[in-house]
Every structure is written in C-alpha cells, then in structure tokens.
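Two chains, two frames, a set of hints: combine them into the complex.
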Amino acid sequence: MNNRASFLQRMIWLLAIEIKVKQNLYLLTLLVTFAILSFSFFNTTIVNIFDFLLNSRSVILNRSGNITSLSNIRMPMKFHLDYFPLALFITGSIVTSLSFKEYTEESSRRFHISLPATLIEKWLVKVIWCLFIFPFLFLVLYHLFALVTYQWGQGMGREYVRISFLDPYIWRYMLYHFGFQSLVLGVASYFRNSAVIKGVLAGLGAYFFLIATRNVLVFAFFPDFELEKMEGFFSKEGYISYLKGAHFSAGEITKDLTYLFNDYTFSIYMAIGFIGVLYVSFRRFEEFEA
Amino acid sequence: MISVEDLTFQYSSGENVINNLNLELYAGKIYGLLGKNGAGKTTLIKNILGLRRPSNGIINTFGYNSSKRELGLLKQYFFIPEDPFIPEVSVKEYIDRYASFYPNFKIDTFLQLLEEFELDRNIHLKHLSFGQKKKALIAFAIATHTPLLVMDEPTNGLDIPSKKQFRKIITHIADEGRLFIISTHQIRDLHSLIDHVLLIDEGELIVNHDMMNIADMLSFDVHRTALKDEDVLYQERVPGGYLSITKGGHDHSLEVDLEVFFNAVITKKETIIDLLNLNKYE
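So the sequences go chain by chain: B and D. Position 226 of the first sequence, counting from 1, maps to 225 under numbering that gives the first Met the number 0, and the rest follow consecutively. Position 99 of the second sequence, counting from 1, maps to 98 under numbering that gives the first Met the number 0, and the rest follow consecutively.
Pulled out of the complex, with its shape left as it was, chain D reads as follows (with noise of 0.2 Å):
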C-alpha cells in the first residue's frame, strides 16, 4: 500500500507543482493518472518513489519512507519513465548486469514476454527502434514482478498491435495482486486497464475515483444533436453526433469515456468534482 499524506512539492526556484496532495493507492488495482502537462503528474510519481524528496508531508511506500530511499523500497518497484535509460548492449548483457538486483526477476517470464512482443532474445539494443526498446523494457520491469510497476506513458512509441499486446499483458498480470500506476495522455490506448482514475490539476488531486464508481454516477450517450437538458453536465462533439454526460448511472449507458470524462472535470471542474463526491461520501 502507498500512502501519501500532506504532500508539497517545491522547486528550488518557488513555484509550487503539488500543494498538500493526501492519497492511499492499494495492491491489486490499476491506477490511470490523468492530468494536463505540467499538473504534478510525474513529480507526484517520482516523490512515491523517491526519485525526488518532498518540501512537505510524507510518504509510505510498501512500510517505507520513500525519501530514505532505502534497499526494501527500491527492491519494491520497476519505474518504466516516459524517456528510459537504455544502455546500448545485447538483451543478455542488461539481464547479466541489472537483473541480478531483483530478487523476483523470472528469466522465463522475461523471455516468454520477448517472444509475445515479437522480440528476438539475442539482439542488440542499440539496433532496436523507441518503441522496440520500450517494449524490452516493459518484459523487463514485469519479469521483475515487483509489487509496484510505475509507468509513464508505456504506449508511447508502441504501434497498434504492440498497444494491444501490452493491454492484454498487463490483464493477465493485473490479477497477481500487483499495484500499478499508470500515467497517460493517451487515454484511449488504456481506458480499458484503468480500474481507478487518479486526476492532478495545478497540483491537486481532484479525482479520486473507481471507473465503477464514476460509472455509477455518470452516464455517457451519444445522440445526433445537441442536448439542451439541464441534467447535461458535459458534452462535445463526436464523429456521429454529441457525447453527453449526465448524472445517474443507467444500462443503456455507454461504457466510461476516459477523454470524455476528463475533459468535462477540467472544463466543469466543480459540477463535476461535486456530483462525484457527495456521491462519493453518501
């Protein structure tokens, strides 16, 4: 479990990016952190696992204090960033030099992914693209089976099918009773991981949030032309039509648009926020 509590982040030169951020992720649950750039997304990210220390609050991750930085929490957790360190040397090379730190790393798990991301297990990873080096590290940091895999924007560089690929992985994986934090603009590529949605804006923490949970409160439904209701909370046009939300969950509704959804917060950020937590605390 990671608990953060009255997290502030400053930078050296002022400028506030997390103003006193309270948060409790669990095991077993994929978390999708949405924000616009520049909202504390990342530094959220690297304050729980310790890549930065906090000006304020501390933070729990798995029993330990992620500013210390100590060997249990490090042992912890795989951090796939959106622009990773890799060093160019053969696939064999990196599991001789890295793996050996990972108490849980599984060789086989490590080449059956190779082989699910068409990979081959004896090349060089200076003559892969972006997307193919991404795809090695994400075999890498799941063969690790650490209890927490942080990802910044996995998609990134991966082509359709690799994006595919890497849902279903991560599906199968997900049941292991592992945490992940997944932080994405591509919303659409990983909708239908996210299982908890976790919104920053200017550093604060404005959606906390199931998908059950906001799909109970919230409908989605297209219609050809615009509604003029006054349960209409949000909607935007879409090929075919408009995407409405409205309050109340129905069956006939369609499943929770991600981009929607954010795109209604930030516009609408106090009916929505509002709605979702007095429902929230009901």
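With the rest of the complex left out, here is chain B (with noise of 0.2 Å):
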C-alpha cells in the first residue's frame, strides 16, 4: 500500500486519528463554550459584571464611592475582546487535557503504542494540534461568532468593539495560549486519568503563577509600590488600573510598558514552561507501556 511513507504522510495520517477518535468531545466542548459565551452576550448583567471586571474605567463612581453608571452603557462594550481569552483558555485546556485519551485504557495503549509510526511523529502531532491547529480553528470560530454577535447586538442597540485578526491582543493572547497549552499537555502526559479537570487545574495554576511572576518583577523595578494596593486580577479596581493611576498620571509607566512586563514575565515562563514541560512530556510519552 504505502512501501515509503513519508515523514509528513504519517503525520497527516495521525492527525487525522487524532481528529476522528476525539471529534465528539472536540465538537462537544466547542458547542459548550460558544452555547455559553452566547448565553452571556445575551445576559446583560453577566456582560456588564465583566466590563466592570475587566475593565474599571467604565466605572463612574460618586464622591461616597458608590456607582453612579457604568460608562459602558454608552461606551462600546468589549465583550469580544474581554471573553476571547477565558474562552480560549477553558475550550483550549479540555482539548489539550484530551492529547493522551486514548493511552489511559490498556487495550487502547496497546494498539497506539505499536501503530507503526515514530515515538516523536506520535507526540509531535498532539503539539501541533493542542498548540497550533485547535487555537487557529477556534480563533476562526470565535471571529464567525463575534460577526454573528455584533449584528444581534446592534438591533439589540448595543455598541461593541469590533474584534480583528490583526489585534496585537488577540495575537498576544494566542501567544500566551501557547506557553499554558504546553503545560497542560505535559499535565496530560502524566495524569491521564482526569485529564481535563487536571489539565484545567494546571493551565489555572500556571496563569496565576505567571501574574504573581510578574507582579514580582513589577516591584523589582518599581519597589515603591504598595503593597496593599496589589490587589489581584479580580479587584475592584483592578492591576491595570492601579498603575495607571499610580504612575501612569507620572509618566513613568505607558500601557506598552505594562505590556512588556507582561512579555517579560511570559520570555521566563516559555523558557521553563513551553521547552522543559514539553521535554517531560515528551520523556513521559516515550515511557508509556502496555
């Protein structure tokens, strides 16, 4: 049939394993996500918590400090923008967490194990999809929803920014997505049981690892920050917006500058996490048995 298959041949043909054992699951997860990303587009309350979350300048407060309005209400909403990552995340982790499915029962082990195909061409293939076709197919997906959502939104008389392929945050966020992909596969490789909760556990561990990383680095380079002020992700007002009223109004820091604390924190995080987690998952598979 086939006397010299090819390096890529063999590739595509695990490929498509890979997309046809799972697709079920793939297109499950996938339904979930956008089922309830549509869920919270059509909720106005769970939209404007969001904004509010994420995006404190919306905030107008009064001098007691109790909300007087939400500017987003006139202001275009960033819910495309806003949900894109979590989205992202959550749908990209399950997917990931699923690599090494069908190593967990023996008898499947057993026959992918002596499918004639290398070690590396078997594991390879699972990186190329985690952290490469899934978040471009998905990215696709999530652009055809943001499309669909705007006209909705618009006869609804809601205004929001409109999402792009050419982004710096969507390409930002993709970049990320790679760096705690590889995590969870490696996750993957030695949990295979439970993987997605796992795998999810893991992908959240890393992403609050690499804020804290970065809050460290924030006060190596600017020890005058308080403390008490570093608030978290989740407060009210916000990192983002602590810096930029802390030294923003100073000139000492710009939006970029945030930006490239993030890149830096993330240069560290893909050095151990995208090249060590990716070896261990590779060493990891390589030691399968059946």
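The reader is advised that the hints may include incorrect statements.
[Stated by the list, open to error] Some chain B residues close to chain D (C-beta under 10 Å, calculated; not the full set): (1) 4; (2) 13; (3) 37; (4) 81; (5) 100; (6) 110; (7) 120; (8) 155; (9) 158; (10) 166; (11) 214.
[As the list claims (entries may be wrong)] Label-pair ranges, simulated between beta-carbon atoms: (12) B:19 <-> D:254: 40 to 50 Å; (13) D:123 <-> B:282: 35 to 45 Å; (14) D:176 <-> B:288: 29 to 39 Å; (15) D:105 <-> B:11: 13 to 23 Å; (16) B:151 <-> D:92: 52 to 62 Å; (17) B:35 <-> D:13: 47 to 57 Å.
Keep in mind that the hints were calculated from the coordinates and are not lab data. Ideal Cβ positions, reconstructed from N, Cα and C, are used throughout, including at glycine.
Laid out in structure tokens, this is it:
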C-alpha cells in the first residue's frame, strides 16, 4: 500500500486519527463553550459584571464611592475582546488535556503504541494539534461568533468593540495560550485519568503563577509600590488600573510598558514551560507501556 | 528472527515475572506459547514487541532493539491481544484510518478473508459480536502481511466453524515464511497448527522443542486400563481409558496431544524435561 510513507504522510494520518477519534468530545467542548458565550452575550448582567471586573475605567463613582453609572452603557463594550482569552484558555485546556486519552485504557494504549509511526511523530502530532491547529481553528470560530453577535447586539441597541485578526491583543493571547497549553500537555501525559480537571487546574495554576511572577518583576522595577494595593486581577480597581492611577499620571508607566512586563514574564515562563515541560511530556510519553 | 538474551522482567512491586530467559525464534514457523495463568507468556510477548521494557537483557526483533520501539520494528509485526482494541467505526473507516501505516497491507487479501469469515465488508464494527470483531481483526492482521504475527488466545470467542476457518487460513499463509507466535490455553483448537512448542512456567522457559522432536522422543497411546510399566512417564484418564506418555516415539503412536503433554510437563517437570533435553543435545 505505502511502501515508503514519509514523515509528513504519517503525520497527516496521525492527525486524522487524532481528530476523528475524539471528534465528538471536541465538538461537544466547542458547542458548550459557544453556548455559554451566547448566553453570556445576551445576559446584560453578566456582560456588565465582566466588563466592570476587567475594565474598571468604565465605572463612574460618586464622591462617596458608590457606582452612579456604568460608562460602558454608552461606550462600545469589549465583550468579544474580554471573553476571548478566557474562552480560548478553558476550551484549549479541555482539548489539550484529552491529548493522551487513547493511552488511558490498556487495550487502546497497546494498539496505539504498536501503530507503525515513530514516538516523536505520535507525540508531535499532539503538540501541533493542541498548540497550533486548534487555537487557530478556535480563533476563526470566535470571529464567526463575533460577526454574528455584532449584528444581534446592534439589533438590541448595543455597540461593541470590533474584534480583528490583526489586533495585537488577540495575538498576544494566542502566544500566551501556546505557553499555557504546553503545561497542560505535560500534565495530560502524566495524569491520563481525569485529565480534563487536572489539565484545567494546571493551566489555572500556571496562569496565577504567571501573574505572581509578573508582580514580582513590577516590584523589582518599581520598589515604591504599596503592597496592599496589589489586590490582584479580580479586585474592583484592578491591577492595570492601579498602575495607571499610581504611575501613568507621572508618565513612569505607559500601557506598552505594562504589556512589556507581561512579555518579560511570559518569556521566562516560555523558557521553563514551553521547552522544559514539553521535553518532560515527551519523555513521559516515551515511557508509556502496555 | 527474534533473539531474546538473558531477559528478566520485574514489576515495580519487585515481583519477578520472567527470569533470565534465552530464546531464538525463526521465520517460517508457528510457535505455540503455552503456560499456566500468570506464567509470563503475555509479558514475554509484550517484551518482544517493545510494549514493555525488560528489567534486564536484550531483545532483538528482526534486527531492532525492541525496547526502542523504532518505526522499523513496528512495521514488522501485528499483535492481536486477548482483549483487542476495536474502535466503534465501520470496516471501511477502520481501513481508512489504520491500513496506511502498514506498508504491505493488501485490501484484496482483507476483503477475501472477510468473505471467508462470512463478514459483510460494509458493516459497522459496533454491530458485531466479540467473535465477529475478532475475525475482522484477524483478517486485518493477516492482510498487513507483516513478517511477524502475534496472537494471544486467537480462538477465544470464535465459533466452531470459525475456528476451523482460522486454522485453514493460518495453515495456508504459514507457507509464506512468516513467523507466528500463538499464545493459548485452547490447545485442542490449535494443536494441529503449532510446529514448535514454547512452554513457560514460573517465568522460565522449560520447553523449547519442535513438535517433530517431541513426537520422536515421546509416545502417546491410549489403553483401556492404567499401565504399571516403569517406562510410563505420565498418564491421565481420558474417555475410553488412559492416555499414557512413554519414552521413545514409535510408528503406532498417536499424534502429540499437547494438552496431555502440557499436563505431563507441569506435573512431572524434571523427568520430562530431562528426557527432552537429553535427546535434544545428543
């Protein structure tokens, strides 16, 4: 049949198996994700809470500190931008944590280990699917979702910030996703049972580790920061808005600089996470027995 | 050719399953791997195929170190385990997914074998019984034309006509110079196929003999009453009398009864093995 199948041919066959074997789970994950997104989109309270948590600039307070209005009622809402990293992270983590599902049960593991393809091909196809193909597929689907919901939103008299393939914000999160999912892949190769829960937990752990590392870096560069004000991501004031309040006005920190902190942190994470964890994941995969 | 040198396999619990086993297997033969439950048969197979890695020793399968699981090795064999993995897809989908990986897979052979096993080529695997799924897998395995075909309890789940069909097919393809390893407890189903016996007991290979060799050294005869002869190595009650094993083959001897031979080796290990080994090296 194929006397001299090339590396590329085998990778394509393996990728086809990877998708076909788990297609129902992938479809279910995407369906649930977009159903939740749609529900959130049409639920004004959820949209406002989310916008309030992430974009505190849109909150107008009176002198006594009470909210008098949410400025996003008038301003274009950032629903699609705000939800993108969260949806990508949750959906991606579920998909990545399913990577080694066929190696959970013994008979299936035995079959897949003995399938004629090299160890690196079998492992690499999972990396390519989880870290490259799926996120891009998700991005396309998310854009379609955004296109449709813009129209619906306008019909309801709401205005939204448009999402674009060229938006650096999107690509920044695509890049972060690449790092997070390498960790989830590593976890999935170690914990094949309940891999979804463990994968998502590991991803969340990595996310908070990233935030913590970034904060440490900020303190290193700006030691005069007051610790009690570093309330974290979900605080009412929010981390970014604090930076703006304390140092933006003095011209010490620009928006680009805050992104730079994220990027420095992410670079450190990538060096440890991407290279280190992926290597560990491959070694673990190599050890699979049946 | 497969060569197993000083194979020792130990579970992480410290339990030794195989002890210092040496073995050479050659193409063109059907090896029957026998042994009690837990004797180490499946573990030996898994080590040969690289599914498990030895605690000690080296296994070379068709020129490849098994524990490295190189692509070259994986192309050399197809393994049908006792509880095979059969996805819930149509026969066509199964072929589309997996056949490409086997360089010598022949669709014509596969379809012909499906026909011989009376299986519909358009059927969905989830609608088949366990025995039918196994037949479909056996057909696929044979159609891969791998030089090594390993089967663990291949006749489990097969009905009587299918067992006969299975023997016929294996006998037919055995001439192609492939190497077969068949691990089984269903000796009566397969004894006519096997031309070399490997018997493992407590992790040690205690019998490694050709059937012809065994037939030359031992006689299998049925008598109405139990023999009291000193030459009787072993005997057991069978319908119509006693089946006895005596030293030295003779023209009137029955063909080797593998089940009785197995019982004889297990119960009178030293006597039988000493006799077989003595004649082997003479």
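*Hold the hint about residue 155 of chain B up to the distance rule: shortest CB distance to chain D must be less than 10 Å.*
Violated - the Cβ of residue 155 of chain B stays beyond 10 Å from chain D, reaching only about 44 Å at its closest.
- Query: Per the CB criterion, is residue 13 of chain B less than 10 Å away from chain D?
  - Reply: 9 Å, holds
- How does the Cβ-Cβ distance of residue 19 of chain B and residue 254 of chain D compare with 40 to 50 Å: does it lie in that range? 48 Å, holds
Worksheet item: Quick one, is the residue 110 of chain B hint okay against chain D at 10 Å, beta carbons?
Response: 4 Å, holds
Please verify that hint: residue 81 of chain B, Cβ, nearest Cβ of chain D, below 10 Å or not. 40 Å, violated
Closest C-beta approach of residue 37 of chain B to chain D relative to 10 Å, hint status: 31 Å, violated
Query raised in the report: Can residue 214 of chain B be said to touch chain D, with a Cβ gap under 10 Å?
Result: 42 Å, violated
- Would the hint on residue 158 of chain B stand, with a C-beta cut-off of 10 Å toward chain D? With a closest approach of 48 Å, the residue 158 of chain B hint is violated.
ask   = When you take the CB atoms of residue 176 of chain D and residue 288 of chain B, is the distance between them in 29 to 39 Å?
value = 31 Å, holds
(Q) Min Cβ distance, residue 100 of chain B to chain D: is it shorter than 10 Å? (A) At 13 Å from the nearest chain D Cβ, residue 100 of chain B fails the 10 Å test, so the hint is violated.
Pairwise beta carbon distance, residue 123 of chain D to residue 282 of chain B, judged against the given window 35 to 45 Å: With Cβ atoms ~38 Å apart, the hint holds.
Lying within 13 to 23 Å: is that true of the beta-carbon distance residue 105 of chain D to residue 11 of chain B? 22 Å, holds
Consistency with the previously given hints fails for numbers 3, 4, 5, 8, 9, 10, 11 and 16, ordered from lowest to highest.
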